[in-house]
Amino acid sequence: METNRLYRIANQSVIGGVAAGMAHHFGIDRALVRILFVLAFFFTAGFPTVMIYIILWAVLPTAIKESTDTSVIRI
Numbered sequence: 001m002e003t004n005r006l007y008r009i010a011n012q013s014v015i016g017g018v019a020a021g022m023a024h025h026f027g028i029d030r031a032l033v034r035i036l037f038v039l040a041f042f043f044t045a046g047f048p049t050v051m052i053y054i055i056l057w058a059v060l061p062t063a064i065k066e067s068t069d070t071s072v073i074r075i
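According to the UniProt record's numbering, the stretch in the sequence shown is residues 1 to 75, in order.
Just so you know, these hints were derived from the structure itself, not from any lab.
Given the structure is predicted, the values throughout are model-derived calculations rather than measurements.
Just so you know, even glycine gets a beta-carbon here, dropped at the ideal spot from N, CA and C.
Fair warning: there could be bad hints in the mix.
Unchecked claim - Okay, the calculated beta carbon distance ranges per label pair: (1) PHE47 <-> ASN11: 17 to 23 Å; (2) MET51 <-> VAL14: 16 to 22 Å; (3) HIS25 <-> ILE54: 16 to 22 Å; (4) ASN4 <-> ALA45: 31 to 37 Å; (5) PHE47 <-> GLY27: 27 to 33 Å; (6) TRP57 <-> LEU32: 17 to 23 Å.
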């Protein structure tokens, strides 16, 4: 039984892999998640978004994507 857990994807990261992991978890494009992070940064004066990102970076386990296929993840 495979669970759809939330992970950071280290080798597809720009900063910490949080956006790539969230995109994989929710089945959407990484660019869209990154754009949403940037918009949230500007609409919340930055601090809450940065803190949430840092907390997710610290708490989420790392998964390493072995290919560009979104279904292949090694944990």
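Do the hints match the structure? See the list:
no.: 1; hint: PHE47 <-> ASN11: 17 to 23 Å; in the structure: 29 Å, violated
no.: 2; hint: MET51 <-> VAL14: 16 to 22 Å; in the structure: 18 Å, holds
no.: 3; hint: HIS25 <-> ILE54: 16 to 22 Å; in the structure: 19 Å, holds
no.: 4; hint: ASN4 <-> ALA45: 31 to 37 Å; in the structure: 33 Å, holds
no.: 5; hint: PHE47 <-> GLY27: 27 to 33 Å; in the structure: 29 Å, holds
no.: 6; hint: TRP57 <-> LEU32: 17 to 23 Å; in the structure: 19 Å, holds
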